[in-house]
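Novice: Sequence:
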Amino acid sequence: MIEKWLTEDHRIDLPKLFTHLGFKLFQKEATHYIFKGGGSYYVVLYSDKAYLYYTIERPEEKLSASDLITAYVSKTEGENKEMLWDKVDAFYNEVIRTEDLLISDTTKNTMETVGKDFNHFIDYGLPLNQNADWPYASSEDLGPFEGRIVQDKEGKVLFPLFNIQNEVCGYFADTDKGVLPFRESAITHSLWYSNIPKKIDGLFLFKDPKEALAFHRKFSLNNVVYLALGAINTQTTRILFQIQRLTKVDKLFLSFTGNKKLEGYLRDLHFISYVEDSDFKLSLTDRDMALHFPMGNEKSFSKFYNHTRQFNAELAQSFMKYNKIIDQSRLNRYSIMVSKDGEQIKVRLPLEANAIRLLVWSYYKNYLDKAIEILKPTSHNWYSEWESTEGQQQKGKEGQWKDYRIAM
Numbered sequence: 055m056i057e058k059w060l061t062e063d064h065r066i067d068l069p070k071l072f073t074h075l076g077f078k079l080f081q082k083e084a085t086h087y088i089f090k091g092g093g094s095y096y097v098v099l100y101s102d103k104a105y106l107y108y109t110i111e112r113p114e115e116k117l118s119a120s121d122l123i124t125a126y127v128s129k130t131e132g133e134n135k136e137m138l139w140d141k142v143d144a145f146y147n148e149v150i151r152t153e154d155l156l157i158s159d160t161t162k163n164t165m166e167t168v169g170k171d172f173n174h175f176i177d178y179g180l181p182l183n184q185n186a187d188w189p190y191a192s193s194e195d196l197g198p199f200e201g202r203i204v205q206d207k208e209g210k211v212l213f214p215l216f217n218i219q220n221e222v223c224g225y226f227a228d229t230d231k232g233v234l235p236f237r238e239s240a241i242t243h244s245l246w247y248s249n250i251p252k253k254i255d256g257l258f259l260f261k262d263p264k265e266a267l268a269f270h271r272k273f274s275l276n277n278v279v280y281l282a283l284g285a286i287n288t289q290t291t292r293i294l295f296q297i298q299r300l301t302k303v304d305k306l307f308l309s310f311t312g313n314k315k316l317e318g319y320l321r322d323l324h325f326i327s328y329v330e331d332s333d334f335k336l337s338l339t340d341r342d343m344a345l346h347f348p349m350g351n352e353k354s355f356s357k358f359y360n361h362t363r364q365f366n367a368e369l370a371q372s373f374m375k376y377n378k379i380i381d382q383s384r385l386n387r388y389s390i391m392v393s394k395d396g397e398q399i400k401v402r403l404p405l406e407a408n409a410i411r412l413l414v415w416s417y418y419k420n421y422l423d424k425a426i427e428i429l430k431p432t433s434h435n436w437y438s439e440w441e442s443t444e445g446q447q448q449k450g451k452e453g454q455w456k457d458y459r460i461a462m
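Numbering-wise (this note's numbering), the sequence shown opens with residue 55 and increments by one.
I should point out that these hints are in silico values taken from the structure, not numbers from a laboratory.
Bear in mind the structure is a predicted one, so any value in this text is a computation, not a measurement.
Worth double-checking, as some hints may not be accurate.
To be verified - In silico DSS-like cross-links for lysine-lysine, where the CA-CA straight-line distance does not exceed 30 Å:
no., residue 1, residue 2
1, K305, K252
2, K207, K78
3, K419, K302
4, K129, K58
5, K456, K302
6, K116, K103
7, K400, K315
8, K231, K207
9, K162, K78
10, K353, K419
Start from the sequences and build out the full structure, keeping to the hints where you can.
Specialist: Right, dumping it as structure tokens:
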């Protein structure tokens with residue numbers, strides 16, 4: 055039996071190994087190199103007399119050459135159907151025998167030595183300029199955003215993103231084209247959130263931090279946490295619900311928006327499909343959406359069904375203003391079709407703004423009312439809503455946000 059295995063990592067020149075495995079050098083800095091491959095980014099550093107690396111999703115987890123080799127060979131087929139560790143052992147020994155991939159006495163290390171807690175993302179964020187333009191101008195009412203809005207060395211406004219271990223793993227950036235991921239940020243594995251007060255009355259969820267800031271500028275709410283998901287998926291919603299459990303807040307205040315109102319409602323549906331215990335499933339075609347969810351109690355389903363039936367009736371009535379005879383095929387294409395499949399409800403939802411709005415409202419009212427409150431601005435998004443009032447703060451009128459609860 056081998057008593058010691060994979061013990062030569064300190065001898066391996068990790069930057070050369072990344073290149074040897076086909077990764078491309080994306081960025082070279084004094085303290086680190088960034089490699090890109092397979093759609094992912096890897097940060098190489100030098101610490102404790104050896105090269106280490108981390109993935110951008112987990113800066114807190116430092117890995118070594120044997121970890122990279124294991125990840126690489128796990129995706130390759132062996133010649134004789136070898137088990138994973140057979141492939142690792144063979145490839146590792148091959149690397150150790152290849153002098154060009156090893157650190158020699160004459161190898162000159164040009165990378166600065168850093169600590170094992172190194173995170174290159176921290177260096178991107180500088181304190182926000184006190185003379186920043188609106189809506190980022192510093193003022194006493196920006197307490198929830200202190201340290202949650204920074205800027206890069208060129209002055210671009212950034213919002214730090216946090217992974218499930220509460221490590222910074224990227225940024226949102228406010229650009230001319232909107233709020234977008236900054237450089238190699240791990241946007242799909244993280245979220246942004248404001249400072250957490252001692253007393254928490256609610257969690258308010260937005261599509262990006264700029265929307266959260268505009269909402270706060272308008273209502274100046276105290277004792278709340280603002281959050282933003284750049285991507286709605288299993289990883290980001292897992293972090294969100296972990297925060298909800300830690301803060302012991304029963305209800306989420308959901309306020310997704312977009313350039314058009316329809317974008318916000320589509321984000322609502324997408325998010326609902328990840329709500330814990332909802333068992334709400336969504337699939338999309340070029341023409342419609344298919345939804346599946348538990349029927350729940352008879353009262354909830356009855357109200358939901360009646361809402362969709364009323365919508366379809368009004369759609370047909372409107373159709374008759376322009377036609378003497380019903381074109382049932384055309385009408386069905388834009389109606390909400392509901393059926394039962396055992397204890398499950400199946401819904402065919404057309405990609406039409408009014409139908410999607412009705413579905414979001416009715417499902418929320420009849421199935422999520424105790425867990426989620428949905429807020430919508432009268433404009434397309436909260437930033438334009440704030441701009442329409444010329445950015446005037448609504449101090450003393452904090453309760454006004456309740457007027458924006460979704461209603462039919």
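Novice: Work down the list of hints and note, for each, if the structure agrees.
Specialist: So, going through the hints one by one against the coordinates:
1. K305 to K252: holds (18 Å)
2. K207 to K78: With Cα atoms ~25 Å apart, K207 and K78 stay inside 30 Å; holds.
3. K419 to K302: holds (22 Å)
4. K129 to K58: Holds - the C-alpha atoms of K58 and K129 are around 25 Å apart, at most 30 Å.
5. K456 to K302: holds (21 Å)
6. K116 to K103: The given pair, whose Cα atoms are some 14 Å apart, holds under the 30 Å limit.
7. K400 to K315: holds (25 Å)
8. K231 to K207: holds (20 Å)
9. K162 to K78: holds (21 Å)
10. K353 to K419: Since the Cα atoms of K353 and K419 sit roughly 12 Å apart, the hinted pair holds (cutoff 30 Å).
Violated hints are absent here; each numbered hint is respected by the structure.
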